[in-house]
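Listed below are the residues making up each chain.
There are 2 protein chains.
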Amino acid sequence: MALVVQKYGGSSVASAERIRRVAERIVETKRAGNDVVVVVSAMGDTTDELLDLAQQVCGTPPAREMDMLLTSGERISNSLVAMAIHGLGEEARSFTGSQAGVITTSAHGNAKIIDVTPGRVRDALDRGSIVLVAGFQGVSQDSKDVTTLGRGGSDTTAVALAAALKADVCEIYTDVDGIYTADPRIVSDAQRLDSVSFEEMLEMAACGAKVLMLRCVEYARRYNVPVHVRSSYTTKPGTLVTGSMEDIPVEEAILTGVAHDRSEAKVTVVGLPDVPGYAAKVFRAVAEAEINIDMVLQNISKVETGKTDITFTLPKTDLPAAVDKLTALQGEIGFTEILSNESIGKVSLVGAGMKSHPGVTATFCEALAEADINIDLISTSEIRISVLVDDEDLDNAVRAIHKAFDLGGDEEAVVHAGTGR
Amino acid sequence: MALVVQKYGGSSVASAERIRRVAERIVETKRAGNDVVVVVSAMGDTTDELLDLAQQVCGTPPAREMDMLLTSGERISNSLVAMAIHGLGEEARSFTGSQAGVITTSAHGNAKIIDVTPGRVRDALDRGSIVLVAGFQGVSQDSKDVTTLGRGGSDTTAVALAAALKADVCEIYTDVDGIYTADPRIVSDAQRLDSVSFEEMLEMAACGAKVLMLRCVEYARRYNVPVHVRSSYTTKPGTLVTGSMEDIPVEEAILTGVAHDRSEAKVTVVGLPDVPGYAAKVFRAVAEAEINIDMVLQNISKVETGKTDITFTLPKTDLPAAVDKLTALQGEIGFTEILSNESIGKVSLVGAGMKSHPGVTATFCEALAEADINIDLISTSEIRISVLVDDEDLDNAVRAIHKAFDLGGDEEAVVHAGTGR
Numbered sequence: 001m002a003l004v005v006q007k008y009g010g011s012s013v014a015s016a017e018r019i020r021r022v023a024e025r026i027v028e029t030k031r032a033g034n035d036v037v038v039v040v041s042a043m044g045d046t047t048d049e050l051l052d053l054a055q056q057v058c059g060t061p062p063a064r065e066m067d068m069l070l071t072s073g074e075r076i077s078n079s080l081v082a083m084a085i086h087g088l089g090e091e092a093r094s095f096t097g098s099q100a101g102v103i104t105t106s107a108h109g110n111a112k113i114i115d116v117t118p119g120r121v122r123d124a125l126d127r128g129s130i131v132l133v134a135g136f137q138g139v140s141q142d143s144k145d146v147t148t149l150g151r152g153g154s155d156t157t158a159v160a161l162a163a164a165l166k167a168d169v170c171e172i173y174t175d176v177d178g179i180y181t182a183d184p185r186i187v188s189d190a191q192r193l194d195s196v197s198f199e200e201m202l203e204m205a206a207c208g209a210k211v212l213m214l215r216c217v218e219y220a221r222r223y224n225v226p227v228h229v230r231s232s233y234t235t236k237p238g239t240l241v242t243g244s245m246e247d248i249p250v251e252e253a254i255l256t257g258v259a260h261d262r263s264e265a266k267v268t269v270v271g272l273p274d275v276p277g278y279a280a281k282v283f284r285a286v287a288e289a290e291i292n293i294d295m296v297l298q299n300i301s302k303v304e305t306g307k308t309d310i311t312f313t314l315p316k317t318d319l320p321a322a323v324d325k326l327t328a329l330q331g332e333i334g335f336t337e338i339l340s341n342e343s344i345g346k347v348s349l350v351g352a353g354m355k356s357h358p359g360v361t362a363t364f365c366e367a368l369a370e371a372d373i374n375i376d377l378i379s380t381s382e383i384r385i386s387v388l389v390d391d392e393d394l395d396n397a398v399r400a401i402h403k404a405f406d407l408g409g410d411e412e413a414v415v416h417a418g419t420g421r
Numbered sequence: 001m002a003l004v005v006q007k008y009g010g011s012s013v014a015s016a017e018r019i020r021r022v023a024e025r026i027v028e029t030k031r032a033g034n035d036v037v038v039v040v041s042a043m044g045d046t047t048d049e050l051l052d053l054a055q056q057v058c059g060t061p062p063a064r065e066m067d068m069l070l071t072s073g074e075r076i077s078n079s080l081v082a083m084a085i086h087g088l089g090e091e092a093r094s095f096t097g098s099q100a101g102v103i104t105t106s107a108h109g110n111a112k113i114i115d116v117t118p119g120r121v122r123d124a125l126d127r128g129s130i131v132l133v134a135g136f137q138g139v140s141q142d143s144k145d146v147t148t149l150g151r152g153g154s155d156t157t158a159v160a161l162a163a164a165l166k167a168d169v170c171e172i173y174t175d176v177d178g179i180y181t182a183d184p185r186i187v188s189d190a191q192r193l194d195s196v197s198f199e200e201m202l203e204m205a206a207c208g209a210k211v212l213m214l215r216c217v218e219y220a221r222r223y224n225v226p227v228h229v230r231s232s233y234t235t236k237p238g239t240l241v242t243g244s245m246e247d248i249p250v251e252e253a254i255l256t257g258v259a260h261d262r263s264e265a266k267v268t269v270v271g272l273p274d275v276p277g278y279a280a281k282v283f284r285a286v287a288e289a290e291i292n293i294d295m296v297l298q299n300i301s302k303v304e305t306g307k308t309d310i311t312f313t314l315p316k317t318d319l320p321a322a323v324d325k326l327t328a329l330q331g332e333i334g335f336t337e338i339l340s341n342e343s344i345g346k347v348s349l350v351g352a353g354m355k356s357h358p359g360v361t362a363t364f365c366e367a368l369a370e371a372d373i374n375i376d377l378i379s380t381s382e383i384r385i386s387v388l389v390d391d392e393d394l395d396n397a398v399r400a401i402h403k404a405f406d407l408g409g410d411e412e413a414v415v416h417a418g419t420g421r
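First to last, the protein sequences are chains U and R.
Each residue of the first sequence is one higher than the one before, starting from 1 at the first, in my numbering.
Each residue of the second sequence is one higher than the one before, starting from 1 at the first, in my numbering.
What the hints contain is simulated information worked out from the structure, not anything from laboratory work.
One or more of the hints may lead you astray.
It does not matter which identical chain is meant; a pair holds if it fits inside one copy or across any two.
[Claimed, not checked] With a straight-line cut-off of 30 Å between C-alpha atoms, the simulated DSSO-like cross-links for lysine-lysine are:
1. Lys112 with Lys325
2. Lys316 with Lys210
3. Lys307 with Lys325
4. Lys112 with Lys144
5. Lys281 with Lys112
Extracted from the complex, chain U is given alone in its bound form (with noise of 0.2 Å):
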C-alpha cells in the first residue's frame, strides 16, 4: 500500500461539480489501495472576493487579520471536498493547517515551514479515512498565530506534508498535463516531458515556468519528495519531477525547455564611480529593501571618465520601491542617474544536457539573431541560458529557440484555462 499526497489547485475546485469530480479522483485513488492525503487551495476566486473585502474595510489592512481572513477560503474548499468524499460513501476528514502541524514563520502573508508534526494526520490515516489538508497555511512557532505561506503555498504545504509523512508520491494537479519544452499557448509544438530532474525543474521554476513554483521545488529537492505533476481535467501521465541530473546517463542528456518571464523589470545605475566598493553600495541598498536581484550586468569601464553602469533586473512589483531607495541615496552613492524599463522579457533554456554539449551558446545566439531579436543582456549557469530581451519579442524568441535545439515535437499541445494557488 502506498501512500500518496495530492494537491489540487483553484481553479479545480471552482464549482460544486468540479468538486465532486475532484472527490471521484480521490476516492479512486483510495479504493486502488492506497492512503490518500489531500490539499486543495481556496476554490476558484475566493481569494480575490476576499481580497477586495479587505480593500473596502481597511486601505492597509495589518497582514495578521489578512491571514485569518484568507485561511477561510481553504478551510471552505477542503471542508466540501471531504463531503463530496463522505458523499461516494469514504470517511474523510479535515483538517486546517494548524491542526496538520504546519508550523511556521510568524511573518504573515510570507511565512517559511519550520516543521511539520502531522500526528493528528496519522492518526486518521490509521484510521482508514482519507485526510484533507488547508493548504497554504500554517500556525507560527512563536505567537501561534495562522499564517499563509504566500504565493505557491498550497504547493509547498503539499510537499511539505509528502516529506514529513514520508509519501511515496506528491501528485500536483494543475490545468496542465505536466511541464512542457516550453509554453504550449507560445509554441503550438511544445512537448510534454515523461520526467525532469530537480535541479532542471528548478532552474525552469526559477525562469518563469509556472506550474511548479520555485520554493516546492527546493522543498521537493531537499526531502527527495518525487512530485508527480498531472492535469485535474485528463488522466494523461504527466511528469515525473525527481532525482539528480547524476542519475541521467550522459549520453542520454539532453535539452529540457525553454522558459520565460515577463514578471521583471530592469534597472540601470549611470554614471557610478569605477572604483572598487561601488557596485557593493547599490546591491546592499536594494537588499535593505528586501528585495532580490536577478541577472546583473556591470558595463566596461570609461576610462576618460573613471565611471560606470550597472543594470541589474528585479519583479517589477519591487520596481519603485527600488528606484525610491536608490534615489534617496543618491548623494552617499554618487551615481549620475536611474533608468529603468518594465518592457522587457527573459528568456531561457534549460538542460543538463548543455554541460556536454559544446556550442549551446552559439546557437542559442545564432537562433535569437536569425530572428532579428536583439540581445539585451546574457546570464548562465551551469545548466542555464538566460538573455533579456524586448518585451515585444519574447513569444518569437521562445519560438526561435525551442526551433533551433528542435525540441517540438508531432502533436498539438492542449491548453486549459484557470490557475491555481
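Place chain R on chain U using the hints.
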C-alpha cells in the same frame, strides 16, 4: 475602567459599509476608556450560501465537516471587523473560538460550552488591543475538532466570554432596540422595557421572544452576567437584562410582556388505555427521538371506554420524527390513532407581577373570549400564562392581551429588518 463584551449579529456586518460602522462603535467604546471584547456573527447571507454549497456537493454532509465549513463565516467577519478597527487607528486582534479558549462537547452542530479559558484574549487586552472572537464556534475537549454551538451560538459565546473574563456587561447588538412588551410588528404601541429580570427573560425567550435565545439567558443567569440588548443602528438605551425577581420590590412588580410562538405543532395521541404508565410510554418514546416537548394536556378519562387522549406540543421541525416514532410503537403503547396539527400558535403573558396580583388568569381568558378566540390548551408557571390558539388568531390574541393588561405606550415602536445568528 470597565470590561465590555459586545456582540453584533449577521445583519449588522452584512456589508463593508456596515462593518465600518460597527468598527466605529467599537472604537468609540474603547476610547471611552473601556477594555473591549467583540463577538461577531457571520456576514448576512454567508451561512446560507455555505449551506447551499454543502447541499450541492453532498446530500447528507457529515456534521464534523459542516462545522469546519460554517465556522469560516465568522472567521471572515471577525477578521474584517479587526481590519476596519485598524483602519480607525486602534489595535485589534481576531481569534477563532478555539484560540479564544471556547471548549465544548463534541456534538457537532449543537455543541455545549464546557469551559472558557480566555488566556490569549486576556493577554491581548492587557497589551491594549481590542479583541475579536469568532462567535458560534469552539473546539471539542475530546477530539480537538472545530465545533459549532447551534442556534443563538454567537450570543452564548458573548455571554460565556463575559462570564469567564468577569466583564462588567455583555452588550448584544441586534436589529431591534431592546426587549418589547410584545412584537412591535404585531402590536403598534408595544413598549420597550428598560430592564427585565433574568427569570422573566427566560420565560419570554422560552415562549418565543426571539431577541435573545433561551440558552444565552440561562448562561447569563447562571453566571450573573448583565446583558444589555441594544440596536446596532441607533444609540437608544436598549433593555438591561439583569438581577433576580427577588430584587424587584413587590409594589413595583409589573407584567413584563406578551410573547408568541409560531414554531410549534400539536400532537394528540387518541384512545390510550387509561391506566398508569401509558402516558409515560408516550413521553419516553418521544424523548428517545431526542425531541423536547413543551405543553402537555391529558383529557379527562371517559369512564365508559377506559380510554383517554394525550395532547402535547413540540417544534414543528420535529413533528415527522415524533409521528414516525409513535406510529412504530403503536402496538406496544396501544393507542387508537395519532392526530397532528401544525396550524397552531402559542401566546404567553410573562411577568413577576402576576404572583402578587390575583385575577390575572381571569382577565387573560376574558380578553381572548371578547376577541372571539378559542383556547385550545392552557399551561402556567409562577410568572407565566400560555395558551394555544389557532394560528390565524395568534396576532389578534397578542393584541388583545397586550391591551387588556394595559402594556402599551404612547410611542409608535420602530421596526428594523434582518436577523442575526
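- [ ] List in ascending order the numbers of the hints, as given earlier, that are violated by the structure.
- [x] Going through the list in order, the structure violates no hint and respects every one.
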